[in-house]
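**Q** Here is what each chain is made of, one letter per residue.
2 protein chains.
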Amino acid sequence: MRTSIATVCLSGTLEDRLDAAAGAGFDGVEIFENDLVASVSSPEAIRQRVADLGLRIDLYQPFRDAEGAPPERFATVERRFRAKLDLMARLGADTVLICSSVAPDTVDDDALAAAQLRRLAEMADERGMRIAYEALAWGRFVSTWEHSWEIVRHAEHPALGLCLDSFHVLSRTDAYGKIAGLPGDRIFFLQLADAPRLDMDVLQWSRHHRLFPLQGRLDLAGFTQSVLDAGYRGPLSLEVFNDVFRQADPHRTAVDARRSLIALAGTLTRPAGPSETRPAGSRETRPAGPCETLTPAPALDGIAFVELGVDAETGPELDNLLRALGFAHTGQHRSKAVQLWEQGSARILLNSGAPRPAEGEAAIRAFALESTDPAASARRAAELLAEPLPRRRRQSEADLTAVSAPDGTEIFFCRGDYWLDDFLPTGETRTRETGITAIDHLSLAQPFDRYDEAALFYRSVLGLTDDEAGEFAAPFGLVRTLAVRNANRRVRLALSVPLLRRGDWAPAVPHPQSLTLLTDDLARTAAALETVPIPGNYYDDLDARTDLPPELRDTVRKLGALYDSDEHGQYLQLFTPVLGHRVFIEIVQRIGGYRGYGFANDPVRMAAHRAQRLVSRA
Amino acid sequence: MRTSIATVCLSGTLEDRLDAAAGAGFDGVEIFENDLVASVSSPEAIRQRVADLGLRIDLYQPFRDAEGAPPERFATVERRFRAKLDLMARLGADTVLICSSVAPDTVDDDALAAAQLRRLAEMADERGMRIAYEALAWGRFVSTWEHSWEIVRHAEHPALGLCLDSFHVLSRTDAYGKIAGLPGDRIFFLQLADAPRLDMDVLQWSRHHRLFPLQGRLDLAGFTQSVLDAGYRGPLSLEVFNDVFRQADPHRTAVDARRSLIALAGTLTRPAGPSETRPAGSRETRPAGPCETLTPAPALDGIAFVELGVDAETGPELDNLLRALGFAHTGQHRSKAVQLWEQGSARILLNSGAPRPAEGEAAIRAFALESTDPAASARRAAELLAEPLPRRRRQSEADLTAVSAPDGTEIFFCRGDYWLDDFLPTGETRTRETGITAIDHLSLAQPFDRYDEAALFYRSVLGLTDDEAGEFAAPFGLVRTLAVRNANRRVRLALSVPLLRRGDWAPAVPHPQSLTLLTDDLARTAAALETVPIPGNYYDDLDARTDLPPELRDTVRKLGALYDSDEHGQYLQLFTPVLGHRVFIEIVQRIGGYRGYGFANDPVRMAAHRAQRLVSRA
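If you read the sequences in order, they're chains A and B.
So in the numbering used here, spot 366 of the first sequence is number 366, and the numbers just go up one at a time.
So in the numbering used here, spot 254 of the second sequence is number 254, and the numbers just go up one at a time.
It is possible that some hints are incorrect.
Stated by the list, open to error - Straight-line Cα separation of at most 25 angstroms, SDA-like style, residue types lysine to any residue; simulated pairs:
(1) B:Lys558 to A:Arg79
(2) B:Lys558 to A:Asn34
(3) B:Lys178 to B:Ser143
(4) B:Lys558 to A:Ser42
(5) A:Lys558 to A:Pro535
(6) B:Lys178 to B:Gly128
(7) A:Lys558 to B:Ser42
What the hints assert, rightly or not - Heads up, incomplete: computed chain B residues facing chain A, CB under 7 angstroms, no partners named:
(8) Ala83
(9) Leu85
(10) Leu478
To be clear, the hints were calculated from the coordinates, so they are not data collected in a lab.
Don't be surprised by glycine CBs; every beta carbon is placed ideally from N, CA and C.
Could you build the full structure based on these sequences and the hints that come with them?
**A** Structure, rendered in structure tokens:
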């Protein structure tokens, strides 16, 4: 299945964008007119560059305000269209997108619109070109795919077909099913964009908030399947207007973009029908089957270990902290400066051998996931463009397959404890029980402009599903959170980002990562360590807004814990100071099946961390 | 007139926010509950700090989901309310805001709502406190000020009054006039927020996009006047939820905030009526008059000079450029390293004596405006919290009054040419005429998070009005622009900002400032200097989309100019390379009264600058 991307999705000069598209493995591009107009390269030079990069120009777009023009204006439309056909010939493009008119003088007359489009199709046909006509969701009179299809059918010209755009369709309706009944060869082009569900003006929604497929909440999988069911065999092409992507590194965005199409294609099936590349007149058919062979995500069953980078400052702090929590330093890596610490089923590696991370860089360097098929997990990750990590395997060391997440975190896949053989026993045993039973979840702070990329990566590569999502007012700005989890909730990741890139005012690292440990006895755990004090105001408010049994209320206040509840149960949280300004450890107890993450308490936690830092400085 | 600000408008810890409010000169604050709950300071400590800072707590807010509670839930409401009254007593606050219920179980029964609010008012009254009841625009059943007033009237308790919030009213209706007929003493509180006109879910609009008064498009002046006309005499208080302000330096935001209230108050008149501080029973009246005495903005009549900072790199470049443009170095400052260059009525100062500006800092250090009353202009600026610049006047030097804009640009006010006496004539005279007649406008790039602040500053301090505004897709991200101008269009400033803080990908200084000179003969000016080449694609597109007379079309292409038009005329633009990565000079010709700024051409200009920089590096 061919993949394509509109240049408007990416940032930089037109050349930057083409390079990025090719680098990410796209087969083709849509040339967006404004990007070409601003380019210093001639159409011929762009054609050459596209060819050199192994790309193809799948579409030239958009041509506006064509159909429904008052007859006296139509001569101007023809002149303008002829100029664009000349340009397309120079570019080597053979399909042009005409989007439905928005001009105030547009005439509401389908017969006129059809006749005019037919005339333009004749002009295109003479040049061996064709027109894909698209209904903009905010078109003056034509704003639904059904209406655009009526006009195309009425115009009845072989060089005139439909362009379907998932955003324009799904922003207006969920009833797209009839698309499957269209004659597939009259769908000339398919543009894909996802979006969050926003209740706002559709033009502004479209211009600023589009996302790549599976990053938003539109039903991209169902929609795309309908178009394939109709018999469409052209490229899956992305057309995403997004404020963040427009200013981000285009190479990175292009990889994110193509990952979204690979993940989407993995959900699609190709109906039985004529094969894709057939000589004219051939009637060869293929059986129905998956569209692309994407390795299914193997089931996961827990976080085998978390690796923290430590340095001269944080190493001793973490040593003390882990010991207080009842962890024992049970193993030392055979060849690396890595310590294994264990308590309950929680395993933490402290790596002091890695280069000291830069300011603001992640402290959680890596984590390992229990997979029912580690090789398949790694294969799926690679298929989804996760960067494979070089295996630095020495003789007698476990062969852990690993990939790198976009945020730099390394993800290992393992099955069972064979990797423990890499560690020489220190002889220390876990004696001091403090209630810690397991790793509950990891909180991976992301830069403001990588929220959607990170969410798609963790969802698609690891096969995780969305859990709790939220937005809250932290002391230094709004923060968005999204938790993703596996089926049995033993793998949980919480992603969080500031809503905007912060100004100089906010603390340099306002948003550290955290490792959350599960305890079955918070009181016992709390007795073992010094946690960050929670202000009395919090408890006064908690007492005012909840009606906890007196015993629980006293416990929460006495322990200095944060409290949350959901329909399943209750949640108590404690946390340590931020170590080295980059990571803290949270201890939680889940009572009666509570499923959340206590996100609503994050502002209080952040303010408490801030206050403690100010105190420790003073 | 007292001014107040809700802590939620600002960033940082509660203490940071209080300090900032006091620093900007506010009289009071609204304590936002979440800010208090997260604070490590006790209510008593906050009360003390507020007092030490000379502030007053004008409101505690919000108390939610009180009225219309099902009777079985109301006991919980009472318990919660009692806890908050206790808290208010500790804080020393005497007014609490209750906003209309949004809870799904709310009962649609005005009599019940009134009875419940009356009960809560009795509880407050016992403590010497009172309730300001506010209709949220998205309240479950009570969402208009009329409805909230009906319930307050029905409840009939002296400790229960209205809170009016400009956003909640104006986001729903422009028909606020009847507010003037309310009994003013039943309006217990007035919250002010402006906003851009956005067609979106009102809750999201309110949570993310509120602005300070006169920064948006709501009719704050008319609304506030109506409330004063009703007889309200409490503080003007700001309650603004804004993604940018929430993460910006609170000291700066607080100054911006208070400036908005001062500018707003300057538009208001106080109706005749009882004086503000009156003993009970007193019937003393005051005559109608302005609410606050803000010096009216004197008329402006042009840009007297622009001062550019130059260094060893840019100095010689600018020398050559100005000379090519026909400017003559006519004067040398008596005591500073400042040169005066003149051509037509355009005067440019080159200052090589100032400290070298930091990367990304403005190149346009200062500009001077012709004012009919320079002293009054400066007085108004100071009243609006513009930072006055120290006068570094030496004997026999002109006493130019000056203030500093938030972006650091220095603004001088002058009348006539007396300041020219500071310059010793060099003997050079303007011999080479190249058509330049005047300074057309200045483009002042702003950081992404200071757009609204800058717009308010230039509008209010200089008495400028909004001209063209736009948003366009530049090669490295979206850019917003706003032009402001004086009455006769001889003072024009174009503000522009990236929509987001840029990532590492975008060039370090993607958005230089510019000085635009007006010519009456672009061909003559163009012949004199080397301009940045405009790509052929631009002209091909221009030919396709316009139908220019052949002569003009040829001229535009031959000159390498950009072209724009409006209903009044046409516009031709040329520009130089970016000097020192921070400033370029643009030459424009306005034909037949064109009024715009050619913003639509900015992406092409930016791409051309980018291409030239890449070439000059290669």
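**Q** Run every hint past the structure and note whether it holds.
**A** Checked hints:
Between Lys558 of chain B and Arg79 of chain A the alpha-carbon distance is near 23 angstroms, which keeps this suggested pair within the 25 angstroms criterion. About 22 angstroms separates the Cα atoms of Lys558 of chain B and Asn34 of chain A, which keeps this hinted pair within 25 angstroms; it holds. This hinted pair checks out: Lys178 of chain B and Ser143 of chain B have alpha carbons roughly 16 angstroms apart, not beyond 25 angstroms. For a cut-off of 25 angstroms, the pair hint linking Lys558 of chain B to Ser42 of chain A stands: about 17 angstroms separates their Cα positions.
At most 25 angstroms may separate the alpha-carbon atoms for a hinted pair to count; Lys558 of chain A and Pro535 of chain A meet this at roughly 12 angstroms. Note on Lys178 of chain B and Gly128 of chain B: the hinted pairing is violated, with a Cα-Cα distance of about 30 angstroms set against a maximum of 25 angstroms. Note on Lys558 of chain A and Ser42 of chain B: the hinted pairing holds, with a Cα-Cα distance of about 17 angstroms set against a maximum of 25 angstroms. Restraint check, Ala83 of chain B versus chain A: the minimum CB separation of about 4 angstroms is within 7 angstroms; hint holds.
Below 7 angstroms, beta-carbon pairs count as interface contacts, and Leu85 of chain B has none with chain A, the closest being about 10 angstroms; its hint is therefore violated. The criterion of a C-beta within 7 angstroms of any C-beta in chain A is met by Leu478 of chain B, whose closest approach is roughly 6 angstroms, and the hint holds.
In this structure, the earlier hints numbered 6, 9 are contradicted, and the remaining ones agree with it.
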